[in-house]
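Enquirer: For the sequence shown, the working numbering begins at 362 and goes up steadily by one.
It is possible that part of the hints are untrue.
DSSO-like cross-link-like pairs, simulated, lysine-lysine; straight-line CA separation at most 30 Å [said to hold, decoys possible]:
1. Lys686 / Lys719
2. Lys709 / Lys662
3. Lys716 / Lys401
4. Lys777 / Lys474
5. Lys579 / Lys392
6. Lys478 / Lys401
7. Lys761 / Lys719
8. Lys579 / Lys474
9. Lys579 / Lys393
10. Lys474 / Lys507
11. Lys719 / Lys709
12. Lys393 / Lys757
13. Lys662 / Lys787
14. Lys719 / Lys691
15. Lys393 / Lys492
16. Lys801 / Lys492
17. Lys507 / Lys801
18. Lys579 / Lys507
19. Lys555 / Lys392
20. Lys492 / Lys555
21. Lys801 / Lys773
22. Lys784 / Lys757
23. Lys691 / Lys761
24. Lys777 / Lys801
Here are the in silico distance ranges between beta carbons for each label pair [as the list claims (entries may be wrong)]:
25. His367 / Asp562: 57 to 65 Å
26. Pro388 / Gly726: 34 to 42 Å
27. Ala630 / Arg798: 50 to 58 Å
28. Lys478 / Lys579: 51 to 59 Å
29. Val551 / His619: 28 to 36 Å
30. Ala630 / Glu540: 17 to 25 Å
31. Glu540 / Val792: 55 to 63 Å
32. Glu730 / Lys691: 48 to 56 Å
Because the hints were derived from the structure by calculation, they are not lab data. Where is the CB? At the ideal position from N, CA and C, for every residue including glycine.
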Amino acid sequence: MSVPLHNLYHWIDGLLPDTVVLYVFHPHGSKKISDCNWWKQYNAFYPDPEKSEYHWLNKYKYHHELPAIICHDQEPLDWNLYDSESLECNFYNIPAAEINLDQFTADQLQFEKIKHKYLANFNLKFPIFTKNSLLYDRSILIHSEKNSDDLLHYSNIGFVCVHYWAHAIIARDWYRFAEFDCRLQSSEVVPQNKFLIYCRDWSSRREYRLKFLELLVKNQLNEDSKISVMYTNSEGTHFSQCQFKNPSFELISPELLHQIPINQHSSSASADYDYFDFLNTQVSVVLETVFDDNRIHLTEKTLRPIACGHPFILAAGPGSLEYVKSYGFKTFAPWIDESYDQETDSLKRLEKIIKSMKQIQNLQGQELENFSQAVEQIADFNKKHFFSNEFFNQVKDELKNNLDLARGQVYKTQGKHYLELLKLLKIQGLVHHVPFRREKTQMLRKLRQSYLRDLSNPPQDSSV
362 MSVPLHNLYH WIDGLLPDTV VLYVFHPHGS KKISDCNWWK QYNAFYPDPE KSEYHWLNKY
422 KYHHELPAII CHDQEPLDWN LYDSESLECN FYNIPAAEIN LDQFTADQLQ FEKIKHKYLA
482 NFNLKFPIFT KNSLLYDRSI LIHSEKNSDD LLHYSNIGFV CVHYWAHAII ARDWYRFAEF
542 DCRLQSSEVV PQNKFLIYCR DWSSRREYRL KFLELLVKNQ LNEDSKISVM YTNSEGTHFS
602 QCQFKNPSFE LISPELLHQI PINQHSSSAS ADYDYFDFLN TQVSVVLETV FDDNRIHLTE
662 KTLRPIACGH PFILAAGPGS LEYVKSYGFK TFAPWIDESY DQETDSLKRL EKIIKSMKQI
722 QNLQGQELEN FSQAVEQIAD FNKKHFFSNE FFNQVKDELK NNLDLARGQV YKTQGKHYLE
782 LLKLLKIQGL VHHVPFRREK TQMLRKLRQS YLRDLSNPPQ DSSV
């Protein structure tokens, strides 16, 4: 997807009072550890506090003195993807299969092996330790999820985890014209369908969508829905050949899915909206990326109907509606049965969503009119709130405050990883291969001196 996310990272960089090294995944959507790289080149004039003048430093020296932040704010965290067994990178961020061993002397190769073996234990910190330095034991991980076991893993290896609703900022950019789009207010179009359901891909975490479609057709809800789906997913698998990770999603009647039209849209369609889709339907049913998990990770999929003033049902992790309400939005109970949001069993949550849809489908006469007026008023409120300064400032302040707290924790560091690696290299007589060792040691000495002034976090001695 071609998305100008550099503007988002300019914004994040501007919230920080001090310079840090930002790491982002490029291109957008990539999950390869070798694509986790500097957001920009960190070579610049910077002030020397001792000499009160500016010095030009080589980028490979300058960044060693800076703490680091990984921006993992677009995709759900995935600890297992970067475990030590699957991490196939070296110091130069090149896949192991592409390494030309002839470029190394025997000492250099041994140096790389020792360093790689030590650093590969630290999951997403690997690119920071290899491209930055090990002076700071802690680094910041910016993410967009709640109730996540992965967050516990990352906290345990020294990440300070910083949450904010990243897609709220992105969606305000993508759907900004919806605030003024008079077509979304047209009263000339009579909705032909009850439900608007965007369901393109079903690979990986999205396998639950196939079960949803089966239940949709079984309950004849597809007849009142604007919906389509890829028969063959983005990984090249036909739905009839799907191997479900969750056996409760196994299809009983896979042939029913042929009643769903084939989707021809590209993944970039999520960065836009179709005004006629919203005029021609009454309620959006949002099929989020993360569903079969206790974590809450809401993307632009949830925010698109909000930006377009459309009522919605949210198929996501349990508690997601409460998350939405924590940002000042309203949901649609009692007009829509939202008890599904508290159901922790994924299949039962799907079944409850289908039940809520069936109740809406059966509304007629005055009940339908009362329902439509009530949910439209709530949707109008949500749209105004989405484009309000109040909402933007809440998201911004959450990120800025969490970053400020996290920076304080990062600077309270002891350089233990740097010292441990030096110890391993000293045993092999390879310390002389450490780049900028003198500068790093001087920087570490300054850091440790500052710890002496903090009695709550005294430095630990090392034999190195």
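Enquirer: Next, verify each hint and record whether it holds.
Expert: Comparing the hints with the structure gives:
Restraint check for lysine 686 and lysine 719: the C-alpha separation of about 24 Å stays at or below 30 Å, so the hint holds. With a C-alpha separation of about 22 Å, the suggested pairing of lysine 709 with lysine 662 holds against the 30 Å cut-off. As the CA atoms of lysine 716 and lysine 401 are separated by approximately 49 Å, the hinted pair breaks the 30 Å bound. With a C-alpha separation of about 20 Å, the suggested pair lysine 777 and lysine 474 falls inside the 30 Å cut-off, and the hint holds.
With a C-alpha separation of about 36 Å, the suggested pair lysine 579 and lysine 392 falls outside the 30 Å cut-off, and the hint is violated. As the CA atoms of lysine 478 and lysine 401 are separated by approximately 28 Å, the hinted pair is consistent with the 30 Å bound. In summary, the hint linking lysine 761 to lysine 719 is not supported, as the alpha carbons are separated by about 43 Å, beyond the 30 Å threshold. Only pairs whose Cα atoms come within 30 Å are accepted, and lysine 579 paired with lysine 474 is rejected, the gap being roughly 57 Å.
Between lysine 579 and lysine 393 the CA atoms are separated by roughly 39 Å; this puts the pair beyond 30 Å, and the hint is violated. A threshold of 30 Å between alpha carbons decides the hint, and for lysine 474 with lysine 507 the separation of about 36 Å lies outside it, so the pair is violated. At most 30 Å may separate the alpha-carbon atoms for a hinted pair to count; lysine 719 and lysine 709 meet this at roughly 15 Å. Taking the CA atoms of lysine 393 and lysine 757, the gap is near 28 Å; set against the 30 Å cutoff, the hint holds.
In summary, the hint linking lysine 662 to lysine 787 is not supported, as the alpha carbons are separated by about 52 Å, beyond the 30 Å threshold. Annotation: proposed proximity of lysine 719 to lysine 691 holds, straight-line Cα distance about 22 Å (limit 30 Å). About 16 Å separates the Cα atoms of lysine 393 and lysine 492, which keeps this hinted pair within 30 Å; it holds. Straight-line distance between C-alpha atoms of lysine 801 and lysine 492 comes to about 13 Å, which keeps the hinted pair within the 30 Å bound.
Taken as a hint, the lysine 507 and lysine 801 pair is broken in the structure, with Cα atoms around 36 Å apart against an allowance of 30 Å. Straight-line distance between C-alpha atoms of lysine 579 and lysine 507 comes to about 33 Å, which puts the hinted pair past the 30 Å bound. For the hint linking lysine 555 to lysine 392, the alpha-carbon distance of about 37 Å lies beyond 30 Å, and the restraint is violated. Only pairs whose Cα atoms come within 30 Å are accepted, and lysine 492 paired with lysine 555 is rejected, the gap being roughly 53 Å.
The hinted pair formed by lysine 801 and lysine 773 meets the criterion: a straight-line CA distance of about 16 Å does not exceed 30 Å. For the given pair, lysine 784 sits about 42 Å from lysine 757 by alpha-carbon distance, which is inconsistent with the 30 Å threshold. Taken as a hint, the lysine 691 and lysine 761 pair is honoured in the structure, with Cα atoms around 25 Å apart against an allowance of 30 Å. Of the pairs offered as hints, the one joining lysine 777 and lysine 801 holds, with about 13 Å between alpha carbons and a cut-off of 30 Å not exceeded.
A hinted range of 57 to 65 Å is violated for the C-beta pair histidine 367 and aspartate 562, which are about 26 Å apart. Taken as a hint, the range 34 to 42 Å is violated for the pair proline 388 and glycine 726, whose Cβ atoms sit roughly 52 Å apart. In this structure the supplied range 50 to 58 Å holds for alanine 630 paired with arginine 798, their Cβ-Cβ distance being about 51 Å. Checked against the hint of 51 to 59 Å, the pair lysine 478 and lysine 579 passes, with Cβ atoms roughly 53 Å apart.
Under the hint 28 to 36 Å, the C-beta atoms of valine 551 and histidine 619, about 29 Å apart, fit the expected range. The given range of 17 to 25 Å is respected by alanine 630 and glutamate 540, whose C-beta atoms sit roughly 20 Å from each other. Distance hint check: the CB atoms of glutamate 540 and valine 792 are about 59 Å apart, consistent with the given range 55 to 63 Å. Checked against the hint of 48 to 56 Å, the C-beta distance between glutamate 730 and lysine 691 comes to roughly 20 Å, which is inconsistent with it.
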